[in-house]
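Trainee: Here is how the chains run, residue by residue.
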Amino acid sequence: MEQPSLLPLLDERLPLTEEKVAEAARLAGVPLAQAWGVVAYYPRYRGLPQGRLLVDDPVARARGFSRLREEAEGTYPPLGLEALSPVYLRFTEKGRFLEWEGRWVPFREFRLPFALGRGHGLLPPEPAPTLAQYLALGGLGGLRAWKGGLLDPGKVLKAVEEAGLLGRGGAAFPTHVKMRAVAQGQAPKYLVVNADESEPGNFKDRFLLEHHPFLVLEGALLAALAVGASRVYLYVREEFEAAILGLERAIRELEEAGFLFVPTEVFRSGGLYICGEETALLESMEGKRAEPRLKPPFPVERGLWGRPTLVQNVETLANLPLLLREGPEAWRRKEPKLFSISGDVARPGLYELPLGTPLGEALRRAGGEPEALQAVLLGGAAGVFTRDWDLPLAYGGRLPLGAGAIVAFGKDVDLWEVLEGLAHFFQEESCGKCFPCPLGTAVQVGMVRRRERDPSLLQDLAATLRGSLCGLGQSAFWAYRSLLEVEGAA
Amino acid sequence: MMRTTCPYCGVGCQVEPEVREGRVVRVLAPDLPPNHGALCVKGRFGLDFPFSGKRLLYPMVRERKGAPLRRATWEEALDFAAGKLLEVLRRKGPGGIAVFPSAKTTNEEVYLAQKLARALLSTHNVDHCSRLCHSSSTAALSRSLGGASMTNPIEDVWKTDLFLVVGSNTTETHPVIAAMIKKRVRQGARMIVVDPRYTGMAEAATLWLRVRPGTDVFLLNAMARYLLEEGLWDRAYVEARTEGFAEWRASLEGYTLEAAQEVTGVPKEGIAEAARLYATTERAGAYWAMGVTQHTKGTATAQALVNLALLTGKVGKEGAGLNPLRGQNNVQGAGDMGALPDVYPGYLRVAEEGPRRRFEALWGVPLPEAPGLRMTEVFAAIPEVEAIYLIGEDPVTSEPYQDHVKEKLLALPFLVVQDILENETTPFADVVLPAASFLEKEGTFTNTDRRVQRVRKLLDPPGEARPDWWITQELGKRLAQALGRPWPTYPGPETIWEEVRRAIPEMVGGISYARLEAQGVRWPCPEEGHPGEAVLFREGFNTPTGKARFFPAPYTPPAETPSPDYPLTLSTGRVLFHWHGGTLSRNSQLNQAYPELKVEVNPIDAKRLGLEDGEPVYVVSRRGRIRARAWVTERTPEGVVYAPFHFAEAPANRLTLDALDPVSRIPEYKVSAVRLEKAD
Amino acid sequence: MRLKVNGKEVEAKEGALLLEVAPVPTLCHHPHTETRGVCRLCLVEVNGRLAPACATEVREGMEVRTDTEGLKALRRTLLEWLALTTDLSLAPGLLGLMAAYGAEPGRWKEAPSRRGRPPIRDNPFFLRDYAKCVNCRRCVDACGDGIMGVYALTLAGRGLQAHPTTPLDRPLPETPCVFCGNCVQVCPTGALRPLALEVG
Ligand code: SF4
Ligand code: SF4
Ligand code: SF4
Ligand code: SF4
Ligand code: FES
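One line per chain: the protein sequences are A, E and H, in this order.
Under the UniProt record's numbering, the residues of the first sequence are numbered 1 to 490, in order.
Under the UniProt record's numbering, the residues of the second sequence are numbered 1 to 680, in order.
Under the UniProt record's numbering, the residues of the third sequence are numbered 1 to 200, in order.
Simulated from the structure, these hints should not be mistaken for laboratory data.
Treat the hints with care, as some may be off.
To be verified - If you want a taste of the chain H side facing chain A, the calculated C-beta under 8 Å gives, among others:
id: 1; residue: A55
id: 2; residue: G70
id: 3; residue: A73
id: 4; residue: L74
id: 5; residue: G116
id: 6; residue: P118
id: 7; residue: L155
id: 8; residue: L160
id: 9; residue: A162
id: 10; residue: P167
id: 11; residue: L168
id: 12; residue: L172
id: 13; residue: P173
Claimed, not checked - Straight-line C-alpha distance at most 30 Å; calculated DSS-like pairs for lysine-lysine:
id: 14; chain 1: E; residue 1: K84; chain 2: E; residue 2: K678
id: 15; chain 1: A; residue 1: K295; chain 2: H; residue 2: K109
id: 16; chain 1: A; residue 1: K158; chain 2: A; residue 2: K295
id: 17; chain 1: E; residue 1: K159; chain 2: E; residue 2: K477
id: 18; chain 1: E; residue 1: K406; chain 2: E; residue 2: K159
id: 19; chain 1: A; residue 1: K155; chain 2: H; residue 2: K72
id: 20; chain 1: E; residue 1: K547; chain 2: A; residue 2: K295
id: 21; chain 1: A; residue 1: K94; chain 2: A; residue 2: K20
id: 22; chain 1: H; residue 1: K72; chain 2: E; residue 2: K159
id: 23; chain 1: A; residue 1: K20; chain 2: E; residue 2: K607
id: 24; chain 1: E; residue 1: K678; chain 2: A; residue 2: K295
id: 25; chain 1: H; residue 1: K4; chain 2: A; residue 2: K295
id: 26; chain 1: E; residue 1: K598; chain 2: E; residue 2: K678
id: 27; chain 1: A; residue 1: K20; chain 2: E; residue 2: K183
id: 28; chain 1: H; residue 1: K8; chain 2: H; residue 2: K109
id: 29; chain 1: E; residue 1: K65; chain 2: E; residue 2: K477
id: 30; chain 1: A; residue 1: K295; chain 2: H; residue 2: K13
id: 31; chain 1: E; residue 1: K183; chain 2: H; residue 2: K13
id: 32; chain 1: A; residue 1: K20; chain 2: A; residue 2: K155
id: 33; chain 1: E; residue 1: K457; chain 2: E; residue 2: K54
Virtual Cβ for every residue (Gly too), placed ideally from N, Cα, C.
Extracted from the complex, chain A is given alone in its bound form (with noise of 0.2 Å):
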């Protein structure tokens, strides 16, 4: 980092003691209170649990998950591992492993399975984790388009604008008017990858990291040259290790090969799913409880150290090169999604599909039958229930779409099961900075278990959620209240 931060201080000190963390308080230089404050926030410095964990995602919790508790010790939030889902974990002294076909598998090298995922034009055909690989799949031509002097940041932003395109991280919100307004910033400026991904249900960013590193780095490089970005910082879930490693070692190649043209490097994330949110994201990589902050201002007029920042999700920006290439008309037409599809349907894994097409052909798709199915979670923990099968699957329709998490359900599903999951999910991962939050999502809890359908009660936790500082607790009932719709609807 261009200043010391105080996160990675700490994990270079792990385990921590009261010196240590002096110590990293002192040459982060900032007050021991705020050192403080963030060992007592992130699970990490605190000590992880050790021994056989569950992974509690809302697939596991369809699977009877108490039955599947008992053969563990504790249990750790969903990692993207749906798809193959029930998934235990080995934490020990000798590191983090998964168990996986018979075998404990180390964190830095367990990937998603490449069978998952098949491509058209957003996602190559093939894993290319070798530069080599990826020149030979046809990658960098924007990289070199733009050392040929073939692209300018004027080019790219208006490509982008033309594309239209939104952003895939789960709001949606149009990319060129974010691009634009950092471009017209004071330098310094930064560019932040959002590589969080921790919405449950979610595996599409893990996917693109673990396989199509130079396409991620490609696509970051693009924009941060088009927006004048000094510097641009991967901020990565801190579990993918592999990940982790495949981007640091594309970040050498490139570098190798004169292609690295902003300096670029890895920032391990806080681990907690509030670290995705853009402004906790940024306060964690300033040595900061990963607390969101109040908007305005946003990011792009005052983000990483108070300087203009653009905060972008990892399938938006891996759209680039491809945009680029075959210009903002072809790729509109396509307007290529990723879906993470998982839960009962036969071939649970990623799908590319373009945007619009109807949720019960998605999940065909996977080999699902619609019919045979209770609902689906739409969007994750912060998505919602439903058997509209019909919906399109696209950006300001009548349900939200999130970053692309369709979890399906068969009929034997408690779903009263699977919420109780997500109210869980949601009591742990609230930040507690301000009041309806960490106050709803308890209250929540205890709604769900005594299976509470009180419509004026609903209708008061909604209302007060909604108030909220940040989408966390705004969406946090969302679940709650369309199980009843579905319920009612049945």
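The hints should help you fit chains E and H with the ligands onto chain A, whose structure is shown.
Mentor: Showing chains E and H with the ligands alone in chain A's frame:
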């Protein structure tokens, strides 16, 4: 809730003490200047001293030397005191008596006490404790600018882009101003701190210059010389608004950066950078306190700062200026009200005819022409001076070279002590007059940025204690009767203040009690409609020519330097939790937070002496020794030990020397030679 | 500039906060600290969108509503949840608001509680009684960025468990605390209060 003014330091924070069953249970701060809701520990938790068991509750007299003090009625005590003073006056003339008003009492009380001395006893032997803290600043500022206070208001902190803080442990002595400055620095302003100790300010500084104790003047002169050499000075300002430049410039010859590095121990690059930052930042303000002034060259150091500010054109502008931080709550007011031997209220010179005529007309008496003696000179003149009327002071703890002070007090024929609490000086008194505390009377204080603020009565005084103004008035009544001089009876402080307004209308004519209801008003404020001046000297200076004057500020080595027998330098000062002689704070819950004396010792010195942190030690000087606990810390540099002076049982001023500044006569508190001995 | 509050035109100065023109309850905002936008009690609807009045500047032509059914439900519920989890007995302001909004905490049946936290008496001046703390952060800000720049207070934990603490959870006298009591003054709940109030 009733609002009043904190009685501790010169910031003059507004407080709202909540009284329940005769006790202060909570103190809040209103959102008003100067403190806008903030307080320090003293204002917040230290307002309970009026409930101390050490309160003086009734008058006492000692009928002859050697006899014990006995309880007396007010009549008796006042008659006795008046009789004795008249006797001395008859025998010795006005020169045999001195009156010391208190910088802790209200403006009205100071005014009345100096009036008693001048109008009834015909003496200008009037002085107060600022001799011990800021008279060096006063001397330098008065002769150069013609005014002796902060030139800029406290709230200018928010407009300042560079702070030059010299010898001020602001976080402990003026905590609320320090908090403001530190916040401004967090907002992006820069701060240069010149201090031998790693204080809270040094910690927050952008650039910390660790000077050897007592060498600041050298550093400041070198900064000026460097700026002249580099052409980084404000030629237009110097030409238009100052005089004496050429002579002063010539005096800087020897102050090269190299010599400065040698003498001060600060690398020359640091000195140059500080000079450049100060000169090139438009809004750069200088702040200083006792670290500058309590030296034999205190006046020179303050003068060097004044010169530097004039050279770079920093006086008379917003967010800049020269800002001495005054210590006592009403030390500004005590000076304003004329508690000085050479000036009447409003700093009108005793030696000049105009002022004398003005006060003769106002008071209806003839007044002497020659200035009186300063406090330190009065003590030296005992037993030629035979009687002292001492208000709210504890010279045994606060004066340097304590054993010497005690000898002098023993030799003094007649001492009247008027105070709220029993202290180290009361045993020497012939008459003890119990006074009301700030919670028990009305009046005004003037804070460090010249803001006159109300003091309000929340409680009745305990026992037979009475407000200082009442006591002085009663004593005056008796003297006036005997001398056949006029002495009006004031029904209350407001009437006294009305007389002050008539006496010096150019300064406070526009400040009425009614106006002070809303919030304090700064002087100069000549008329009711006038808002009160924030920044002084925007147009001209208060000198005969209207120009500011440079004066050479020569460096001289400290009066006492370390020797093989006394190898360490002792510096004295304050800590956050206590106040001056400790009379107030040590009788409050504050004492629980800092109950005993700790001397700061650098780890290198500690190692050489085999001292552990927390071990008991003796600090020994040529004049005496005290016992303390060692605090081994990097805060103090190698070779220097630091001791706070609030502890009567271990008085640091037993060690200090009474060498005086040649101009201001301020004692050398900051540098004396000592050694440490292990105690068991 | 002019804007509409609950249908009525009002005049406001450039740069003023909505708070100054809109009648709303507040909790986390305090003029001496920089804490704002946290408690959400002061939320209003600005052109149909929720915004904290304590952190939103007035703008020409704004349409502000302070009393929609949704906002009333929000405030009432929030107060109920606070009462459910926290000891508000020394927070007369909040108790008054509860009465005004007809709060009935009981209807939510169960919730985790902060009431079990033991009071901390670690200095001669004031008590830290976090069973009464709503985690508004005013104290932390007063000690740090807002007023003092001392940083003797910070926050521990997340979610409902988040609450103020000292660096390394040490007793206050072992921290940089200077006992200015500015944290005590800004505390709205009596969680921080002078010891002098305790005796007698
Ligand atoms: S909504 Fe929840 S996660 Fe977001 S700021 Fe509030 S407490 Fe934190
Ligand atoms: S800063 Fe001074 S005036 Fe203010 S509360 Fe502290 S001692 Fe009192
Ligand atoms: S009393 Fe201590 S904790 Fe409270 S604001 Fe002051 S320094 Fe901070
Ligand atoms: S102690 Fe008081 S001021 Fe601090 S967070 Fe709790 S309620 Fe707020
Ligand atoms: S007072 Fe506005 S959010 Fe708390």
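Trainee: Now tell me if each hint is right for this structure.
Mentor: These are the hints, each one checked on the structure:
no., hint, in the structure
1, A55, "holds, 6 Å"
2, G70, "holds, 5 Å"
3, A73, "holds, 4 Å"
4, L74, "holds, 5 Å"
5, G116, "violated, 15 Å"
6, P118, "violated, 18 Å"
7, L155, "holds, 5 Å"
8, L160, "holds, 4 Å"
9, A162, "holds, 3 Å"
10, P167, "holds, 4 Å"
11, L168, "holds, 6 Å"
12, L172, "violated, 12 Å"
13, P173, "violated, 15 Å"
14, E/K84 / E/K678, "violated, 48 Å"
15, A/K295 / H/K109, "violated, 34 Å"
16, A/K158 / A/K295, "holds, 27 Å"
17, E/K159 / E/K477, "violated, 50 Å"
18, E/K406 / E/K159, "violated, 48 Å"
19, A/K155 / H/K72, "violated, 50 Å"
20, E/K547 / A/K295, "violated, 53 Å"
21, A/K94 / A/K20, "holds, 22 Å"
22, H/K72 / E/K159, "violated, 42 Å"
23, A/K20 / E/K607, "holds, 26 Å"
24, E/K678 / A/K295, "violated, 61 Å"
25, H/K4 / A/K295, "holds, 23 Å"
26, E/K598 / E/K678, "holds, 14 Å"
27, A/K20 / E/K183, "holds, 28 Å"
28, H/K8 / H/K109, "violated, 40 Å"
29, E/K65 / E/K477, "holds, 26 Å"
30, A/K295 / H/K13, "holds, 22 Å"
31, E/K183 / H/K13, "holds, 26 Å"
32, A/K20 / A/K155, "violated, 49 Å"
33, E/K457 / E/K54, "holds, 21 Å"
Figure legend: structure checked against the earlier numbered hints; hints not met, in rising order: 5, 6, 12, 13, 14, 15, 17, 18, 19, 20, 22, 24, 28, 32.
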